[in-house]
Amino acid sequence: MTERAPQDAAIRTELLARRYGRRTALEGLSLSVPRGAVFGFLGPNGAGKTTAVKLLLGLVRPTGGEGMVLGRRLGDPAARRRIGYLPELFRYQDWLSAREVLEAHAALIGLPRAARRAQAERMLERVALGRDGLRRVGAFSKGMQQRLGLAVALLGDPELVVLDEPTSALDPVGRHDVRGIIQSLRAEGRTVFLNSHLLSEVEAVCDEVAVIDHGRVVAQGSLPALLAVTGVEVEVEGLGEEAIAALGGRFTPPRTALFPDLGEAEIPALVAALVARDGRIHAVRPQRQSLEQRFLDWLEVR
Amino acid sequence: MLAICRLTIVETLRRRLTLALFATTILLIGLTGWAFAEISRVSALQGVERFAQFATLLLFLLLLFTGMLALTAVFTAAAAVAGELESGVAAALLARPLRRSTYLFGKWLGLAVVIGAFSLVAGSGEIWIVSQVSGYAPPAPAAALALITAQALLLMTLSLALATRLSAVTSAIIATVGFFLAWMLGTVDLMGVALRYPTLTTVGEVGKILLPTNALWQAAEYYLEPPALLTLVHGLGLIAAGNPFMVLAPQSPAMLVWAGLWGLAVLGLGVLGLVRRAI
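Protein chains in written order, with our numbering: chain F, 1 to 302; chain U, 1001 to 1279.
Excised from the complex, chain F in its bound form (with noise of 0.2 Å):
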């Protein structure tokens, strides 16, 4: 259709829509997703975000809408070369080595003969496999084949990286580890778009998210906006109840005050009108809402 732009968003859909049947998995997805972004896609479980990767893979063809990936049409071959997936329900061929696995995944992408073992090496030492590339899979638990999915992910140098809850299955330590990689991704230039119902993931990696829920995205922004600053709070000696209540706040003895109706341009005069009446500043907190409790604002708006 067109030629890829480089400046181009790394994802583009416009009112893409799936059903099966008489159910719709997914109403009307408008979405952009800037090329080098780290992006959440958030939605409670059965909101769509699964149909929506597979929309964005060509796993699944939409019924509606249309949308653009690396500058190509949905499924385009030459787009899914420069594309990492690793799916929900993370499966590998179980009567292969964990190296074979990503050999053979290097075969399908067109990666020279004698690249393949030493990329697929390079893939188990970064999802910290490296000792287990030999061990068929099938002996693999369940955060190991996540593990090797990611790894198959990152396999041959991909721009946009999918990632479908890529820590359902893994402890603490993964988790950790899987934030480590997003990052890293990030500082390589990577695009990566992150499909997470765990808050606390997204919240710690990503620039910008969307939100959907019932097949639509009910919110979309970065991070920072979404999550816009609603008060502030002050530990401040030497004033009393009055002194604090007169500029708009509540005081918690023994010496927290908050100011629930000021931002954070507001704080330097905030500062100054405390330390105007005496007041000794200890500290000043601007308070965020929790990605947790803005997603369930969300979710109950509808």
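Just so you know, the hints here were simulated from the structure itself, not pulled from any lab data. Don't take each hint at face value.
Per label pair, the in silico range of CB-to-CB distance [claimed, not checked]:
(1) U:Leu1264 <-> F:Arg131: 39 to 49 Å
(2) U:Gly1083 <-> F:Thr63: 25 to 35 Å
(3) U:Ser1124 <-> F:Arg23: 52 to 62 Å
(4) F:Pro34 <-> U:Val1275: 27 to 37 Å
(5) U:Val1275 <-> F:Gly46: 23 to 33 Å
(6) U:Arg1276 <-> F:Pro44: 24 to 34 Å
(7) U:Ser1124 <-> F:Ser168: 44 to 54 Å
(8) U:Thr1170 <-> F:Arg113: 32 to 42 Å
(9) U:Leu1269 <-> F:Pro34: 38 to 48 Å
(10) U:Val1121 <-> F:Arg131: 37 to 47 Å
(11) U:Ile1026 <-> F:Arg135: 28 to 38 Å
Result set (SDA-like, lysine to any residue): computed pairs, CA atoms no more than 20 Å apart in a straight line [what the hints assert, rightly or not]:
(12) F:Lys142 <-> U:Glu1086
(13) F:Lys142 <-> U:Ser1087
(14) F:Lys142 <-> F:Leu96
(15) F:Lys142 <-> U:Gly1088
(16) F:Lys142 <-> F:Leu170
(17) F:Lys142 <-> F:Gly174
Built from N, CA and C at the ideal position, the CB exists for glycine as well.
The hints should help you fit chain U onto chain F, whose structure is shown.
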């Protein structure tokens, strides 16, 4: 395509299917040799009758062998495709720059190598051991084996195509039923010819066109029957000629071509089924 073909063959090796088929082959050849040696020892028949006895037994044996082969082909293919689609292994593969048709052709080729090798090795082993212990060898064993193998590949193709949309068990069962149904209809056809019931012949012919697997078996059968046996059967009269183990004429080339086209069409439908499927 070759990457998928290779993976498919490695899977049959690693899952010990190849080993099982090899063991089965040895067992089959051993038991056949033993049975034919025993029959050869106790049989009082002489001349053409003795000849006919071994020929008939070999035909019966190979008929059972095609059944075994059909089941192997059908279940292996169904599991190889539906199993991978259902487990999610295919999702990771098909997210690669790999066309679904290439994926299916690769699977087909890998399975065809395994099933074809099993058919040719075990089938020729059977014919060889029978000739060794009884002294009887069919007139055109190579042509017969090629046709028996083609029948197995046709059933494998049917099962493979079904498995792009149905579960492994369902696909395998439908293809198995198809195999037996085609065999029954083929028998009806032979009966119709023998008894001169045109209705039966019509039913049989229609069946052959819808599902030409048995036509390949009947074609193979002709190459397994010695001319002396055919003469004998003709001598025994029409009823004897109507037995399902006897084919009196070679299969028409048109039917063989049709069987090939049928296989291609079914494979094409399989590709269509996979392309339209949500993975």
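Hints versus structure:
no.: 1; hint: U:Leu1264 <-> F:Arg131: 39 to 49 Å; verdict: holds, 48 Å
no.: 2; hint: U:Gly1083 <-> F:Thr63: 25 to 35 Å; verdict: holds, 28 Å
no.: 3; hint: U:Ser1124 <-> F:Arg23: 52 to 62 Å; verdict: holds, 54 Å
no.: 4; hint: F:Pro34 <-> U:Val1275: 27 to 37 Å; verdict: holds, 32 Å
no.: 5; hint: U:Val1275 <-> F:Gly46: 23 to 33 Å; verdict: holds, 27 Å
no.: 6; hint: U:Arg1276 <-> F:Pro44: 24 to 34 Å; verdict: holds, 30 Å
no.: 7; hint: U:Ser1124 <-> F:Ser168: 44 to 54 Å; verdict: holds, 52 Å
no.: 8; hint: U:Thr1170 <-> F:Arg113: 32 to 42 Å; verdict: holds, 39 Å
no.: 9; hint: U:Leu1269 <-> F:Pro34: 38 to 48 Å; verdict: holds, 43 Å
no.: 10; hint: U:Val1121 <-> F:Arg131: 37 to 47 Å; verdict: holds, 40 Å
no.: 11; hint: U:Ile1026 <-> F:Arg135: 28 to 38 Å; verdict: holds, 32 Å
no.: 12; hint: F:Lys142 <-> U:Glu1086; verdict: holds, 18 Å
no.: 13; hint: F:Lys142 <-> U:Ser1087; verdict: holds, 14 Å
no.: 14; hint: F:Lys142 <-> F:Leu96; verdict: holds, 16 Å
no.: 15; hint: F:Lys142 <-> U:Gly1088; verdict: holds, 14 Å
no.: 16; hint: F:Lys142 <-> F:Leu170; verdict: holds, 8 Å
no.: 17; hint: F:Lys142 <-> F:Gly174; verdict: holds, 11 Å
Comparing the model with each numbered hint stated earlier shows that all of them hold.
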